[in-house]
Each structure stands twice: as C-alpha cells, then as structure tokens.
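Trainee: Here's the letter readout for the chains.
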Amino acid sequence: AQKITQTQPGMFVQEKEAVTLDCTYDTSDQSYGLFWYKQPSSGEMIFLIYQGSYDEQNATEGRYSLNFQKARKSANLVISASQLGDSAMYFCAMREGGYSSASKIIFGSGTRLSIRP
Amino acid sequence: EPEVTQTPSHQVTQMGQEVILRCVPISNHLYFYWYRQILGQKVEFLVSFYNNEISEKSEIFDDQFSVERPDGSNFTLKIRSTKLEDSAMYFCASTPLSGRVTDTQYFGPGTRLTVL
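These protein sequence lines are chains B and P, in that order. First residue of the first sequence: 1, per this note's numbering; consecutive thereafter. First residue of the second sequence: 1, per this note's numbering; consecutive thereafter.
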C-alpha cells in the first residue's frame, strides 16, 4: 500500500507567489515524522522541514511551512514568496516510529515545481 | 556546517563488474543508510546500518549488495556484479539519534551509477 501520496506531478507558479505542494500519508503508527526534501536538477537531496506527529504547532523554516492536518493525514508544504531558485523536485517523506526513530524514510513520488519569472 | 560526502560523483561501469560507492557520514552520527533513485522515479530505501550491523534491508538489497564500515569514517556500498537495472543515483544518509525532535536523515550529494 502506498504510504505517501503526492498527487501533483508538476506545478507552475509565478515568481513571488505562494505555492502549496500536497502530500497525504498513511500509517497506523501513533508516532511518526514527516519530512520535505528538495531535489534541484543537480540531484542532491536537501532537507527542508520536519513535522513530528505529536507536534501541536505547524513547523516553519524561513519561507517554508508545513500545513499539518493530522485527522486528514495531510502534510502540505507551503512556500511563501516563491523564487526562481525554488524550481526543483520536491519530495514528501515519512518515518514511522518516535522522534528518535532510526527507521527508514519512505518517499512520495515527488512534485516538480517550476517558477516562472 | 558538517555534511555527508560521497565519492565518486559519477561512476560508469560495465555490466558484471563490481563497484564500491563510498560515503563519509557526519562525524557524530550513529545510523547510516543507503537509498537509490532510478532516473525519474521515487527514492527507495536499500539498507540501514548501526553498530557495525545491518539494521534493516529492503527487498532490493539482495545478495549482490553489501555494506561495510571499514574504518571510523567511511561507509561503503558494494555491488558485486552490476546489472543494467542497477543504474541509478545512490544516496548515503546519516542521522545522529541525539534524542532531539529535529533528528532527521541528512543526505549526501549522491553517486550517479551508470551500468553499460
């Protein structure tokens, strides 16, 4: 069963606009962590933001925020004031287990974001 | 800022040859991982490694694959007899397990393996 679902294979956004990348997940664990990674065309995986299942507040890191809706099992990434350098592939991912779990990360299929000047 | 490093950045090999992909995890990290990403596909877990032992492995990680931490800094992935379908980007990752909520897996830049 697919554990991480990203329904937007590609998105185009005008520079300086905000963009929301969708992610839903499936787990029976009570403790889990949700991640977003950015993969530019150069190929590396860049960690962006983390949300723990017990976190009461949505995570924020600079222009990135995670809209965590636990009951809906969604963890959407919001990028405010998009920049040309935000053009990349974005992966939603999940790690089951508690905060210090060393479990593997399971990735979604990704969303390719393209920012138009 | 400390980072995971991987060498080489690109490896081209003939089918049937052995390859060793090298990684230097962040120095105070305790758990190490290998993932792979076939071109245009999602990132897939291969294996995790802790205390000089494999902790978990996926179905992909068959007898052709092995991992080793030969010294205090390097973490290697060996593919004994490469196949065309082994062509992919291979990512090494590590995590500190410090007990803090921000524990995450930090990825290296990847090694692109091309099997001809």
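For the record, the hints were derived by calculation from the structure and aren't laboratory data. Owing to the predicted nature of the structure, the values given are computational and were not obtained by experimental measurement. Careful: at least some of the hints might be erroneous.
[As the list claims (entries may be wrong)] Here are the computed lysine to aspartate or glutamate pairs in the DMTMM-like style, where the Cα-Cα straight-line distance is at most 20 Å:
hint, chain 1, residue 1, chain 2, residue 2
1, P, K42, B, E61
2, P, K42, B, E15
3, B, K3, P, E59
4, P, K42, P, E18
[Stated by the list, open to error] Chain B residues, not near chain P, derived (Cβ > 12 Å throughout):
hint, residue
5, I4
6, Q6
7, Q14
8, S74
9, N76
10, I105
[Unchecked claim] Examples of chain P residues toward chain B, derived with CB under 7 Å:
hint, residue
11, P8
12, V43
13, S48
14, F65
15, S66
16, M89
17, F107
18, G110
Here a beta-carbon is modelled for each residue, glycine too, at the ideal position from N, C-alpha and C.
Trainee: Has the given pair, P/K42 with P/E18, been kept, meaning a C-alpha gap of at most 20 Å?
Mentor: Distance ~25 Å between P/K42 and P/E18 Cα, so the pair is violated.
Trainee: Does P/V43 pass the interface check with chain B, least Cβ-Cβ distance below 7 Å?
Mentor: At 4 Å from the nearest chain B Cβ, P/V43 passes the 7 Å test, so the hint holds.
Trainee: Hint check: B/K3 vs P/E59, CA-CA at most 20 Å. Holds or violated?
Mentor: holds, 17 Å
Trainee: Hint P/S48 vs chain B: min CB-CB distance below 7 Å?
Mentor: holds, 6 Å
Trainee: Any Cβ of chain P at or closer than 12 Å to B/S74, or is the non-interface label fine?
Mentor: holds, 19 Å
Trainee: Holds or violated: the hint that P/P8 contacts chain B, with Cβ atoms closer than 7 Å.
Mentor: Where the cut-off is 7 Å and the nearest Cβ of chain B is about 13 Å from P/P8, the hint is violated.
Trainee: Next item in the hint list is P/F107. Is there a CB on chain B closer than 7 Å to its CB?
Mentor: Status holds, d = 4 Å.
Trainee: Under 7 Å, Cβ to Cβ, is where P/F65 needs to be relative to chain B, so tell me if that hint holds or is violated.
Mentor: This hint is violated: P/F65 lies away from chain B, its Cβ roughly 15 Å from the closest one there, beyond 7 Å.
Trainee: Taking the minimum C-beta separation from B/I105 to chain P, is that value above 12 Å?
Mentor: violated, 6 Å
Trainee: Any CB of chain B closer than 7 Å to the CB of P/M89?
Mentor: holds, 6 Å
Trainee: Are all beta-carbon distances from B/I4 to chain P longer than 12 Å?
Mentor: violated, 9 Å
Trainee: Does P/G110 pass the interface check with chain B, least Cβ-Cβ distance below 7 Å?
Mentor: This hint holds: P/G110 lies near chain B, its Cβ roughly 5 Å from the closest one there, short of 7 Å.
In the structure shown, a violation is registered for the earlier hints numbered 1, 2, 4, 5, 6, 10, 11, 14, 15, in ascending order.
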